[in-house]
Structure formats: C-alpha cells, structure tokens
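Q: Protein chains in written order, with numbering that gives the first Met the number 0: chain A, 0 to 220; chain B, 0 to 220.
Worth double-checking, as some hints may not be accurate.
It does not matter which identical chain is meant; a pair holds if it fits inside one copy or across any two.
[Unchecked claim] When the alpha-carbon atoms are kept at most 25 Å apart in a straight line, the in silico SDA-like pairs for lysine to any residue are as follows: (1) 158 / 15; (2) 158 / 4; (3) 84 / 196; (4) 84 / 160; (5) 158 / 54; (6) 158 / 143; (7) 84 / 197.
Honestly, the hints are just simulated from the structure, not real lab data.
There are 2 protein chains.
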Amino acid sequence: MNPRALVFDAYGTLFDVHSVAQRCESFWPGAGARLSQLWRAKQLEWTWHRSLMRRYAPFSQVTHEALGYACAALSLPLDEDRSAKLMQEYRGLAVYPDVRAAHAGLRGAGYRLAILTNGSHDMIDPLVAQSELAFDAVLSVDEVRVFKPAPEVYALAAKRLGVAAGEIGFVSSNCWDALGAKSFGFRVWWINRAGAPLDRLDFEPDGILSGLGELSAVLAR
Amino acid sequence: MNPRALVFDAYGTLFDVHSVAQRCESFWPGAGARLSQLWRAKQLEWTWHRSLMRRYAPFSQVTHEALGYACAALSLPLDEDRSAKLMQEYRGLAVYPDVRAAHAGLRGAGYRLAILTNGSHDMIDPLVAQSELAFDAVLSVDEVRVFKPAPEVYALAAKRLGVAAGEIGFVSSNCWDALGAKSFGFRVWWINRAGAPLDRLDFEPDGILSGLGELSAVLAR
Numbered sequence: 000m001n002p003r004a005l006v007f008d009a010y011g012t013l014f015d016v017h018s019v020a021q022r023c024e025s026f027w028p029g030a031g032a033r034l035s036q037l038w039r040a041k042q043l044e045w046t047w048h049r050s051l052m053r054r055y056a057p058f059s060q061v062t063h064e065a066l067g068y069a070c071a072a073l074s075l076p077l078d079e080d081r082s083a084k085l086m087q088e089y090r091g092l093a094v095y096p097d098v099r100a101a102h103a104g105l106r107g108a109g110y111r112l113a114i115l116t117n118g119s120h121d122m123i124d125p126l127v128a129q130s131e132l133a134f135d136a137v138l139s140v141d142e143v144r145v146f147k148p149a150p151e152v153y154a155l156a157a158k159r160l161g162v163a164a165g166e167i168g169f170v171s172s173n174c175w176d177a178l179g180a181k182s183f184g185f186r187v188w189w190i191n192r193a194g195a196p197l198d199r200l201d202f203e204p205d206g207i208l209s210g211l212g213e214l215s216a217v218l219a220r
Numbered sequence: 000m001n002p003r004a005l006v007f008d009a010y011g012t013l014f015d016v017h018s019v020a021q022r023c024e025s026f027w028p029g030a031g032a033r034l035s036q037l038w039r040a041k042q043l044e045w046t047w048h049r050s051l052m053r054r055y056a057p058f059s060q061v062t063h064e065a066l067g068y069a070c071a072a073l074s075l076p077l078d079e080d081r082s083a084k085l086m087q088e089y090r091g092l093a094v095y096p097d098v099r100a101a102h103a104g105l106r107g108a109g110y111r112l113a114i115l116t117n118g119s120h121d122m123i124d125p126l127v128a129q130s131e132l133a134f135d136a137v138l139s140v141d142e143v144r145v146f147k148p149a150p151e152v153y154a155l156a157a158k159r160l161g162v163a164a165g166e167i168g169f170v171s172s173n174c175w176d177a178l179g180a181k182s183f184g185f186r187v188w189w190i191n192r193a194g195a196p197l198d199r200l201d202f203e204p205d206g207i208l209s210g211l212g213e214l215s216a217v218l219a220r
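For reference, chain A alone in the conformation it holds in the complex:
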C-alpha cells in the first residue's frame, strides 16, 4: 500500500549540515571539519538533554549555543560577526546531490510531501525557501516543544496532515529519527548514505536506502 503522505527529515537528510565546514575553514584554517562535527554533535545532544530535562528551547537557540561551545572547546576565537555569519550559513545549507531529482519525481507522481524537523521556523523557513524545493507542509517540533525522537513529534505530523500514522511514509538519514518514527507507527525508510550500522533501538526501518534516488522505485513496487 502506498503512503498517503511522505514526510522528510530536513537536517542531514535533505540538507547537508556539514556544508558549513567550508565557511568554518575560511575562518579557522585547519579546523573547519572538526568544528562542524563538534557543532553538530553538541546541537543534537542538547536537543536530547533539553527534551529529557523538559527545558525546551528553539533549535535556533540550541544551534547558536552549540556553536559557542564548539568554538570554546576547540579554542577558536568567536566574535559576534563570525557567529552571525555561521548561523546564516545554516539558513543556506547545501541540498544533497540526490535530493532535487528525487523530489521532482515524487512530486510528479502526486505525493503529498512534508518536512518534519527539529528546526524552528526562523531557521527552517528561509532554508526551504532558498532551496526552491516545494513542500505541502513544513512542520516544526517547536509546536510541541520537545525534540525528536519523542513520539509527540511524529504525532504532530499525523495530526497536522490528517493522515493515520500507518499511512505516512517517513524518510530520514538520522537512524535514531527513523527508528523513533517507526516506534510511533510510521512506515520508515532510513537513508544510509554513509553505510553506518543500524542503531539498536528495538525497531528496524521498513527499508534502508543508500540515497533518496532509490525511493521512487521502492514506492512503485
């Protein structure tokens, strides 16, 4: 049975968070990749910590604070100008090479397409706009004030799209996000571009794809 809506994760799935590394490198030669990795790692950790502590803050704040931490940890001097420029990079992240054709194909096939993201609207809306990818809905966890992989997040998508959980196809490159969605009841494809092992969280995705380009063929079966 074909899903009635396809819901995509944004950061790491459609948009390459590490495309900020180049700007990082231009500011601190030799440290760009390390900074980008630590920035992303802390950003994610703090979404989990804040959710468990019940101290939600918008993703833009968490991302900004994670940048400050990462620079401090790596002894990279960060001033307001560089901080603002790097936060702006996050609003213009590169689209993965396999995204545009896949998006066009799925849209052409008549699927309802949505984004379900940790990103607050101040971050995700400009990013989606500049990407020129069209979605029927861009849903942010900001509405439920808890981050992925809490079930409230996936419930938001089902509710806002008016589609039963089992009729939503969910697509994420973040394995824990894919498995959180599966635990909630979505049909799930994990985009495993890096060839990583599966996370061990009691669930398995319905399919594991090496890129978004394979999605159309899988859905057509």
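Fit chain B to the supplied structure of chain A, relying on the hints for placement.
A: Same frame as chain A, but now just chain B:
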C-alpha cells in the same frame, strides 16, 4: 548550609569507563581507544533516544548493544567470548585516582553517601562491591525506567533518601547530568577533570571542581 546527603554519579565520575580501553586494545591492537570512545558515545546516545522514545531497556542491555554497534562501525570482529569479557570489564572499572581519599574523608565527616546511576543493578552492584567503596544506598534509574537527565531520576533519589531536593548535594563529571540535577533542584558540583567548557542548558552548577579531592574543602566552607 551543608547537604544532608551526598549523591554521586557512578560512570565517568567515580569509575573510569575508559579503563576498558586496555582490554579493547589487547583484542584489537591500535583500536582500543577509538572503540572505547565510540562504545561510550553510543551507550549514552541510546539512553537518551530510548528515554525519549519511551522504549526503556536496562543499561546492561544498552551497553551490550552499544559494544556490538561500535565493533561493527569500526569493522572489528566481535565474538561471544570477547563480548562477555568486555562486559565483565564494565563490572570491574577502575576507580579514578581521586576517589578513595575523597570518599574516606566524606564518610569520616559523617555524610550520608549514595550513588544515583543509569546502571542497572546487574552492572552497578558488582562494580561497587569490587571497588570496596561503601555507600548508604545505590539507586538505579531502572526503578523509574527512564535515563538521566530526566527529572524522574533525580526525584527518585530525593524520595528514596527521604531528603528534600535542596538538601541533596549531587556530584557528577557528566555536565549534562549535573545540570539535569540542578534543573531538578539539587545543589550540584560538576567535576570537570578534563577542563571542558560548560554545557549550555540554562543552568549552572553551584561549583566546578577539577577533582573529587576538592569536595571536602568546599563543603567545609
């Protein structure tokens, strides 16, 4: 005002989780440190993911699964014998060099001492027993089926010790654990042995110490 009870985190605070690296190195020369780091990272991530997904599993299971993941990710062949031996290492972790004298001093000063840990009793009880450190209580999140830094965990300590949150002194080397405890209402000392920046989670510890040896002096003030 002196705390009525002192509550310690176990893994990373009293016990050095990376003391497993030596055994890892003996099994896979050249990969011991990397394996130990990835094993610990995944172990922690999955405590957060499972808690948010509401799919709790005991820490012994999570630790075992994280070992399997880490070996797979690093292409290190893991058989049942090595797996059992490494899990056994976790029941005999080294005590940090600053622990014994600090523990003896605080006990001599008459403090009630407890452990509050992610560890399930099948892991933590043998570890504490072999360390020969005496505690008035060893409390496991297993009782509330959610991991740190959820407030239910810290509430368990207050309830089981019969001490108000504000009269508990909490000690952890894991900054997010310290701040989760602070968010709940404990007095908190973060043991920052590595000189890391402070996590940015809306709270600050009451004190930042470079080792457990400083705790007695701080409490005597």
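Q: State for each hint whether it applies.
A: Outcome of the hint check:
{"no.": "1", "hint": "158 / 15", "in the structure": "neither (28 Å within a copy, 46 Å between copies)"}
{"no.": "2", "hint": "158 / 4", "in the structure": "within (12 Å within a copy, 46 Å between copies)"}
{"no.": "3", "hint": "84 / 196", "in the structure": "between (35 Å within a copy, 22 Å between copies)"}
{"no.": "4", "hint": "84 / 160", "in the structure": "neither (35 Å within a copy, 50 Å between copies)"}
{"no.": "5", "hint": "158 / 54", "in the structure": "both (24 Å within a copy, 22 Å between copies)"}
{"no.": "6", "hint": "158 / 143", "in the structure": "within (12 Å within a copy, 30 Å between copies)"}
{"no.": "7", "hint": "84 / 197", "in the structure": "between (35 Å within a copy, 23 Å between copies)"}
In the structure shown, a violation is registered for the earlier hints numbered 1, 4, in ascending order.
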